[in-house]
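Visitor: Listed here are the chains, written in short residue letters.
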Amino acid sequence: LPDDSQQPIRISANQALRDDREGITVYTGNVRMQQGSLQIEADKITLHHRQDQPDRIVARGTPARMQQQPEIDQEPVRAAARTIEYFRAEERVYLTREARIEQNGAIVTGDTIEYLFAEQRIKAQSGSNDDERVEVVIPGQTLEQNDEAASGTTQGE
Amino acid sequence: MVAERTRPVGGTGSGLPVTPALRLQILLGLALALVAGYYWIAGGDGATDSAALIRENQPVSTYLVNSRSWSYAVDGSLAEVMEADRVEHFGMEDVSLLMRPRFYSHDGNDRTWTASADRGRLVHATNILALQDDVLLINDQTGGTLETQSMQLNLEQKTATSTTPVTVRQDTSILRAGGMFADLNRQTIQLRPNVESVYDPTGS
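The listed protein sequences derive, respectively, from chains A and B.
In terms of this note's numbering, the first sequence opens at residue 1476 and continues consecutively.
In terms of this note's numbering, the second sequence opens at residue 536 and continues consecutively.
A portion of the hints provided could be inaccurate.
[Unchecked claim] If the Cβ cut is set under 8 Å, some of the chain B residues that face chain A in the computed set are:
| id | residue |
| --- | --- |
| 1 | I561 |
| 2 | L563 |
| 3 | L565 |
| 4 | A566 |
| 5 | I673 |
| 6 | T677 |
| 7 | T696 |
| 8 | T698 |
| 9 | P700 |
| 10 | Q722 |
| 11 | T723 |
| 12 | L726 |
| 13 | R727 |
| 14 | T737 |
Treat the hints as calculated values from the structure; they're not laboratory data.
Where is the CB? At the ideal position from N, CA and C, for every residue including glycine.
The shape of chain B in the complex, shown without the other chains (with noise of 0.2 Å):
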């Protein structure tokens, strides 16, 4: 009686038998590993992406180099000042995308607070201007500062709100939390969850 050895679909006879069903676990594993390579080519941050989404969608409406635009309010009494090495606006969804923007706000009793990043991008419908990497936003009468990587902020209620890790230094304190909303008007700070401080009374 001959032992008929039955070679396996497209393998070469000698090593693992190649079923259909592997090559296709094999084939999915190939994809997905494309797929995986060109997000991690492609810097995969969402604001990367939502700003090279917005280019490759419409052309640029305007754009401006050094631009600083100032704003008033009813009394006349200046009320923000908006600055940023450039700006390009996209007509189609009224969104500016900023390159180092900075941002002073004025609140008429002499308080004022500064707002910097790397990027922005400015929603003129929802006067939301969202700051990514190396965002500082400073109260310039404390001299206080918190530092983060993403922020929200809110230039009509003037509040401010990021869900990345921040930190708040005062003189010889810091806080460190999870995330943050302020209100700038009323010079609050809500940090959560996972807060952390340190207070040097001996001022060093």
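Excised from the complex, chain A in its bound form (with noise of 0.2 Å):
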């Protein structure tokens, strides 16, 4: 949700080991965090504080699994990639290896994809192997649905 970045986060896990030197906790085993509207659960999750505020957020698994919901009304997105990077002030997740995203059966798969909550926006980048291309899948019925409001702005002009 749009206020999500301002809400508390919230992480349990197994263990966790906190740095004061290096400003990092380092959360491990069964690793669930929550802000708002976005759940992300992973094999180990580190936080970077810098005077203790959370700016960076490093999610590992096989896949790391992310889930955010970008309004009321709509459904949420969902994300899955072996390294998920969160960054909250600019309200930004950079998803690495076998990264995919969906919403409303829309799928975008890629080596890398970034996503802007604000803006709702994808951005995909294959990898360096031919067999890491970009593909993005829309279902059918969206398709429809923006051809139908296509024309329908054309009657109307």
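Quick one: dock chain against chain with the hints and give me the complex.
Guide: What follows is the structure in structure tokens.
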């Protein structure tokens, strides 16, 4: 939701290592993070905190999973990747390796995907290998809806 | 034919027949209740028992009131300060019992931390200070605090261990866990099990 990034961040795990000198806390074992409607599940989450303000959160898993609801009346966005980096202040996540993001049946996969929460915009990149191309799958009815919406506007003009 | 009614042993003849086995069970139950009651009255937590045991088994060799001791590193820099409202030293076991101990550690790199509690027990041979009740550990640089009910401080290795629930607070973040191991020189804390943490990015 729009005010997710202002909500408290709650993390639970089997264990954690807090290193005040490095300014990080590493959570391992059945790790779950929640901030408003944003939820991340991973094997390991590293929280980087400067003056104890968590600004970067790196989740790793096989895969790590993320879910977030852009607006009250919209379907949640679901994503997965080997690594999910969440930049709280910039309200964006960066998915790397076996990245996949999905909403309303539309699926984007690639080697890296960047998702901007506020603008709900996706930037996907392929990997160096040929088999890591970006793929986009948009379900049929979504296309039809878009066509109707487009033709509706041309008649109106 | 006269039906002879057998009266139970020791019974009043009207209620439950009190057989020897039943009487034994009743006595056993009473004994257990007495023992449990004794431990419950004695406040039954380990530390109280061990302190009480020490005091029972041997006289106090030395006691100090409002004590403060300093210790210095080889290069002459202040290393540790130990304060307490009262210290009782037991020579036989070389153990000191402390009331409201406060321990300050300086590691020479301008890093200091502080530990305090209601009660403490210092084993001089191993330099391990067991702290009990309202234990508070403060990282003076970051202002981070750790609260628990019992903790073992290894004064030589500068490590702290607790197997009771701990709460770590730093600015607006709170971490809770079922226990912890802290390396005070490296400023790291391992928390386990059942870690729950909350970070409030708005700082409120």
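Visitor: Each hint: holds or not?
Guide: Against the structure, the hints:
For I561(B), the suggested interface contact is broken, since its CB lies about 48 Å from the closest CB of chain A, more than 8 Å. Hint status for L563(B): violated, given a least beta-carbon distance of 43 Å to chain A, over 8 Å. Annotation: L565(B) was flagged as interfacial toward chain A, and the flag is violated, the nearest CB pair being 46 Å apart, outside 8 Å. Annotation: interface hint on A566(B) violated; nearest CB of chain A at approximately 43 Å, more than 8 Å.
The restraint placing I673(B) at the interface with chain A is violated, with a minimum CB-CB distance near 12 Å, outside the 8 Å limit. Evaluation of the T677(B) hint against chain A yields a held restraint, the C-beta minimum of about 5 Å falling below 8 Å. Because the closest C-beta pair between T696(B) and chain A is about 15 Å apart, greater than 8 Å, the hint is violated. Taking 8 Å as the C-beta contact cut-off toward chain A, the hint placing T698(B) at the interface is violated, the least distance being around 14 Å.
Restraint check, P700(B) versus chain A: the minimum CB separation of about 14 Å is more than 8 Å; hint violated. Taking 8 Å as the C-beta cut-off, the interface hint given for Q722(B) holds, the closest approach to chain A being about 4 Å. The interface hint given for T723(B) holds, since its Cβ lies 5 Å from the closest Cβ of chain A, which is under the 8 Å cut-off. Taken as an interface hint, L726(B) checks out: its beta carbon lies about 5 Å from the nearest beta carbon of chain A, inside 8 Å.
At about 4 Å, the closest approach between the beta carbon of R727(B) and any beta carbon in chain A falls short of 8 Å, and the interface hint on this residue holds. This hint holds: T737(B) has a C-beta 6 Å from the nearest C-beta of chain A, less than the 8 Å allowed.
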